[in-house]
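Oh and the sequence shown: position 38 is 37 in numbering that gives the first Met the number 0, straight run, nothing missing.
If you are wondering where the hints come from, they were derived from the structure by calculation, not from laboratory data.
Idealized CB from N, CA, C, for every residue including glycine.
A hint or two may mislead.
Unchecked claim - Label-pair distances were calculated between CB atoms; the ranges are:
1. L100 x G234: 45 to 53 angstroms
2. A191 x V142: 15 to 23 angstroms
3. A149 x L242: 41 to 49 angstroms
4. V3 x A149: 39 to 47 angstroms
5. F147 x T243: 38 to 46 angstroms
6. V192 x V259: 42 to 50 angstroms
7. A149 x A198: 15 to 23 angstroms
8. L94 x V252: 13 to 21 angstroms
9. R45 x L195: 19 to 27 angstroms
10. A241 x A55: 25 to 33 angstroms
11. T92 x L195: 34 to 42 angstroms
12. L179 x A55: 37 to 45 angstroms
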Amino acid sequence: MVGVAILCAVLAAGCSALGAMWQHAGVRETTDLKLTSALQLVRSRRWVYGFLVLFACAVLQVVALALAPVSVVAPLNALAIPIIAVTRARRLTGLLAVAVLVTTAGIVVFVSITAGAAVPTEVSPKVALQAGQLVVAGVLVWVVAATFTADAVRALALAVGAGIAYGLVAVLVRDVTTTLPVIEWFSLGGLAVAFLTGAWFIQLGYAAGPPDLVVAGQTVVNPIVAAWIGIKLLGEGAVMSALTQAGLVISAVVAVSGTVVLAYYHRARVTA
0 MVGVAILCAV
10 LAAGCSALGA
20 MWQHAGVRET
30 TDLKLTSALQ
40 LVRSRRWVYG
50 FLVLFACAVL
60 QVVALALAPV
70 SVVAPLNALA
80 IPIIAVTRAR
90 RLTGLLAVAV
100 LVTTAGIVVF
110 VSITAGAAVP
120 TEVSPKVALQ
130 AGQLVVAGVL
140 VWVVAATFTA
150 DAVRALALAV
160 GAGIAYGLVA
170 VLVRDVTTTL
180 PVIEWFSLGG
190 LAVAFLTGAW
200 FIQLGYAAGP
210 PDLVVAGQTV
220 VNPIVAAWIG
230 IKLLGEGAVM
240 SALTQAGLVI
250 SAVVAVSGTV
260 VLAYYHRARV
270 TA
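The task is simple: from the sequences and hints, build the whole structure.
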C-alpha cells in the first residue's frame, strides 16, 4: 500500500507543477486580482486547464493519504519544485542542475526514512484542534508580512501562508479518509476552510510574482508543516530513534537548501 501511495504522490507532484504553470498564466491575464473579481479567472482557458489538472492532483493526494502516513506522503509534494524549475528553464545550467539534484535528493532521503519508520496513527479531535490553532497563528503572521510587502517578497509570503494551510489540509484529509464511512464533520469543515484559504493565497501569489517562486515557497513549507504535525502531534514518529530523527532533520535541511538555490537561480535569471 505504501508503494501505491508513493506512486500517487509522485504523480500528484507532476500535476501540481503543470497546474501551477497554467494557473499562473491565467492569473497574469487578470488585472488587479481581488476576491470580488475572482470569477474573472474562469474566463481564462489556461486557468481552467490548470484547475482541472490540480483537481486531478488533489484526487491523487487523497488516495495517497488514505494509504500511507502523512509524513510519508506530504514531503513528495516538494518534487513539484525541481519539475517546474526544469520545465521553465531555457537551458540547464550547472547551478540549476545542482539545485534540482540537491532538492530531489533531500526529498527522496526524507521519504525513504519515513516510509520505513513512520507509524500510521489516528487523528483525534483534540490533536486536530491543536494543529488548527497553530496553523491559524502561522497563517496570520504571513498575512501581515504580505500586507506590508510587494512583488516577489509578497508572493513568497503568500506562498508560505498557503503552505502552512495546505500542511493542515494533508493532516485533515488523512483523518477524513481513514474514518469513512463515519464522517468527521469538524475535520471536513476545517479541511474546506484551510484548502480554500491556501488556494486563494496561491492565486494572489501568482499575481504578485513568478510561479516557480510561489510553488517553491508553498511546496517546501507544506510538507514540513504536515510532517511535523504527523510526527510530533499525531505520534507517527513514536518509534523513531534519535539517529532516525536526525536523518530527517538533515534531509529536510538539504531539501530546503536546494530550494533556496532554486530561488537564487530565478532571481539571477530575472536580473540577467
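How the hints compare with the structure:
no.	hint	in the structure
1	L100 x G234: 45 to 53 angstroms	33 angstroms, violated
2	A191 x V142: 15 to 23 angstroms	19 angstroms, holds
3	A149 x L242: 41 to 49 angstroms	44 angstroms, holds
4	V3 x A149: 39 to 47 angstroms	44 angstroms, holds
5	F147 x T243: 38 to 46 angstroms	40 angstroms, holds
6	V192 x V259: 42 to 50 angstroms	30 angstroms, violated
7	A149 x A198: 15 to 23 angstroms	22 angstroms, holds
8	L94 x V252: 13 to 21 angstroms	19 angstroms, holds
9	R45 x L195: 19 to 27 angstroms	21 angstroms, holds
10	A241 x A55: 25 to 33 angstroms	40 angstroms, violated
11	T92 x L195: 34 to 42 angstroms	38 angstroms, holds
12	L179 x A55: 37 to 45 angstroms	21 angstroms, violated
Of the numbered hints stated above, those contradicted by the structure are hints 1, 6, 10 and 12, listed in ascending order.
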